[in-house]
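*Asks:* Here's the letter readout for the chains.
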Amino acid sequence: MNHAAHHRKSMESATSDGSAAPASTKAAAMAAGSGVVPESVPNVTGATQYIDDIPLPAGCLQAAVRLSDSARGRILALHTEAALALDPSVRIITAKDIPGTNQIGTNKADEPLLPEEEWEYWGQPLVLVVAATRSLARRAASLITIASEELPAVLDPREAAAKGDLIFPPRTIAYGNVEDAFARCDYVVEGRVDSGGQEHVYLETQGAIAEVIDGRRVRVISSTQGPTGVQRAVATVLGLPMNMVEVEARRLGGAFGGKEDQAANWASLAALAAWITGRPVELYLNRKEDMRATGKRHPYSSDFRIGADRNGMILAFEATYYQNSGCTCDLSPAILGRTVLHATGAYKVPNVRVTGLMCRTNLPSFTAFRGFGAPQAFFVIESAIDALAQRMGVDPVEIKRRNLYREGDETYYGMKLERVRASEAVERLLDKAHYLQARQRVNDFNATHRLEKKGLAMIPVAFGISFTKLMMNQGGALVHVYSDGSVLVSTGAIEMGQQVARKVALVAARTLGVPIEKVHVQRTTTLTVANTVPTAASTGSDLNGQAARIACTEIRSRLLAKAAEMLDASPEELDIANGMIYRRGQPTSLRWESLIEAAHQARIDLSAHGFFATPFLQYDMKAERGKPFAYHVYGAALVEATIDLLRHTYRLDRVTIVHDIGDSIDVSVDRGQVEGALAQGLGWALLEDLRFDGKGKPLSDTLSTYKVPDNEFMPGEIDIEFLPPVENPTTPYNSKAVGEPPLQYGIAGYFAVLDAVRAARGTGIEYYNLPLIPEKVSQLLAGKEG
Amino acid sequence: MIVTITINGKKESLQIEPGDMLVDTLRNAGHVEVKKGCDTGNCGVCTVLLDGKPIRSCSFLAVRAEGHEITTIQGVAEEARRFADFLNREGADQCGFCAPGFALTVIAMKRELKNPTEEEIRHYLAGNLCRCTGYESQHRAIRNYLEADHA
Ligand code: FES
Ligand code: FES
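Protein chains in written order, with this note's numbering: chain W, 1 to 786; chain X, 1001 to 1151.
Chain W with its partners taken away, still in its complex shape:
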């Protein structure tokens, strides 16, 4: 390989002199990169190194954490004798050993890395233990006894709110005049909606490897979506400036938001242990530890009031969201922000008042999870419309159609909507799924079947894209073109299965004008791209793709100037595409590799840094008005379900989706994202039952007690259609973000099952409490809504 590269180089310098390349040179150039292993091969053959697969540096110790076993308590004394006696390699580290500041909270300083006195949830890491092997470290951790005092714990968000235990003051968005509007309504319906938490179940659990370099710097490899956040946390805990901490993130074995803020804990613990022992340290959680110790999707409990005229036009909507934030702030404010900014779902409502409360409880700190507070809001508005339809005696689909956002509508937070596609998606869906016939078929089935009933439900989605925290809407990239013409791109985007690396590579290849095989997207490190935002909010390819595009554009213009000189042309006449240089649309004799070689000889910089900040975003937090989103993603889904009246189980028969991916960079990747998000949404709505007992003890802390969708749970038929491309100026090549919006489609699964239950009972039921597990279906069929 080396030999070939060498050979190629000498031949190409010949071409750069202007002489025609001999055929063999072309062949050699074409062969460049032919040894590249296709990207999915390392994953499938198991060669990809996730945290626990990375060969450890010599002398590496293993760390384990001792977790609390009650929801709230005070440490009186630690007895570590037995643990220390286990093996000479055992070392115990507590809050007192932290050389810097014992604080890793990002939005509020309420999160010590290790508690000094009190712990606040069941499963909180109290003490760090290191030993020569992982099993020794775990055994030593279990041998520590803790003398403690029990403290009263609060688990319910409404109870916390009643006590005034809020993380920040409530946030309210008010628009129009709700009271006047309710007075004018023909129908006003109130209700309560509850949604459960959701465990991420990224198949790779959390972990990190840390080592001290030259006795003064720290290097951490972390399974994180946010290397910069990890870098900041490690620096704070160790009392170092950020330039002494290097963080690297490789491919993650799934994350879904769970490794956005909460990877910092484990990385900081590993770094702390490395700093104190002077030895490399790995900390890798097992499934049970991970399920106990880490945050999940926020459970919500909400109240709504909705009002409409006799035609089903919604005139007013009011909601109060009690967000169960868990024991610390974490990302809760931003998540609540997304909730209150998605309160009316895909509908235009002229009078709105919504309030969100971040309620502190003694549960793990709930955190980012795909959808980030929006699914909870969608479930509330969809429940409200469902209740309204029950009272009015009409099909909810009719009410939904009538109230969708239209072009030019202003949202209740003052954003004028452009290129609205809500109706386009819904009408196409109803048409595609032959909705009226489907409804008739379901009714006929229900009339003729006594042991099974079918249900049908539709949800439209309008999902705002951008981080709700304005400063986070930025991305950076560093692009190098090497002298053989191959391209290396580094960005802040973490690859965790969403194929952002492929999308960034496609953007870079398209912008530079080279075949995709020429481009490699490198793992993210804080050395190559600094001050990155976490890869989250579905913005990974928008922000990092744009940054890469900007860097590539810069290099391209330098190259075009050089090519113009070589071809005696003006740069405007020239184009680079597919590794060839074109002049007024005609291929020239100049190839990419020769151009790069010539540019290198001419001492032209073949590297560039690109930076992108999403334009036109602004939001006034006081007035609660502005443009918090670059754009919206639209779509709609129809779900059909059948319940078994003997066993009280159900199955999902089919899902039809019409979804907006703009002018996609890679349709097969986007399809995979829609399918994966649908599965997680259906899991949240119907299956995944996150439970704590009355004392806050986690009951669903293994994969045998917490079920996630398997292939038999998934609907037999899934039909996905994409809307035609549309202009979308702030993204790479008019693409659209895809990670989160389709998760809301799962909510239609809830209403399809509820619709079937209603058919069985023959009465209207207003019951909004997800997940709608078979146990609840049983109760509903027995007439117990409590």
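Mixed in with the good hints there might be a few duds.
[Said to hold, decoys possible] Okay, the calculated bits of chain W under chain X, using three or more residues with CB under 8 Å as the criterion:
1. 42-52
2. 278-292
3. 584-594
4. 670-684
5. 707-714
[What the hints assert, rightly or not] Not everything, but these chain W residues come out facing chain X in the computed CB check (under 8 Å):
6. P38
7. E39
8. I173
9. G253
10. M496
11. G497
12. S700
13. T702
14. L703
15. I718
16. R758
17. G762
Everything labelled a hint here was simulated from the structure, so no lab data went into it. Beta carbons: idealized from backbone N, C-alpha and C, even for Gly.
Please arrange chain X with the ligands on chain W, whose structure you already have, making use of the hints.
*Replies:* Only chain X with the ligands this time, still in chain W's reference frame:
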């Protein structure tokens, strides 16, 4: 104690504790292509073949493998590479963490069942959890992979 296991065709003598699970023994011996996702036999990520049949190595004592043949995905690497291409084309290669266990199960199924029906495929793979793909793309990939052989 020492167990002797033939791993991917090569006899290896490994130092173990009586309670060690096969997954840890394999990983400690450098076979990190065998991933671990749950420890409770629920996810299928740790799948290896024991004398050609898929088992969950997290729920299988290492001592019981004494004298048997264990195949990890590396033992069928060429077939795995072929299958990888089908996954890739369907958007079914996402985070990749489930992929080695999943691919090994697919390869075992292909050897065991001639022309599996849709239902048999789902049933065979129901124990292989994937949190990323929602399974649809994996199924398309499997169908294409099986069909390609008939062509
Ligand atoms: S690790 Fe063995 S089944 Fe999950
Ligand atoms: S691809 Fe991530 S778990 Fe299957």
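*Asks:* How about M496(W): closest beta carbon in chain X under 8 Å, or not?
*Replies:* Holds. Min distance 6 Å.
*Asks:* The hint names E39(W) as touching chain X; please verify it with the least Cβ-Cβ distance against 8 Å.
*Replies:* Since the shortest Cβ distance to chain X is 7 Å, the answer is holds.
*Asks:* Please verify that hint: G762(W), Cβ, nearest Cβ of chain X, below 8 Å or not.
*Replies:* violated, 34 Å
*Asks:* Are there at least three residues in the segment 707-714 of chain W whose beta carbon sits under 8 Å from a beta carbon of chain X?
*Replies:* Three-residue rule met by the segment 707-714 of chain W, so holds; n is 6.
*Asks:* Given R758(W) was flagged as interface, is its beta-carbon under 8 Å from a beta-carbon of chain X?
*Replies:* Constraint on R758(W) not satisfied, violated at 27 Å.
*Asks:* At a threshold of 8 Å, is the proposed contact between T702(W) and chain X supported by beta-carbon distances?
*Replies:* OK, holds: T702(W) within 8 Å of chain X, min 5 Å.
*Asks:* Are three or more residues of the segment 584-594 of chain W within 8 Å, CB to CB, of chain X?
*Replies:* violated (count 0)
*Asks:* Taking a Cβ-to-Cβ distance below 8 Å as contact, does the segment 670-684 of chain W have at least three residues touching chain X?
*Replies:* Our answer is that it holds, as 10 residues pass the Cβ test (under 8 Å) against chain X, meeting three.
*Asks:* Would you check whether L703(W) satisfies its interface hint, that is, whether its CB is within less than 8 Å of any CB in chain X?
*Replies:* With a closest approach of 4 Å, the L703(W) hint holds.
*Asks:* Holds or violated: the segment 278-292 of chain W covered by chain X, criterion of 3 or more residues with Cβ-Cβ distance under 8 Å?
*Replies:* holds (count 3)
*Asks:* If you count the residues of the segment 42-52 of chain W with a beta-carbon closer than 8 Å to a beta-carbon of chain X, do you get 3 or more?
*Replies:* holds (count 10)
*Asks:* Given P38(W) was flagged as interface, is its beta-carbon under 8 Å from a beta-carbon of chain X?
*Replies:* holds, 7 Å
Going down the numbered hints, you'll see the structure goes against 3, 8, 12, 16 and 17, while the others check out.
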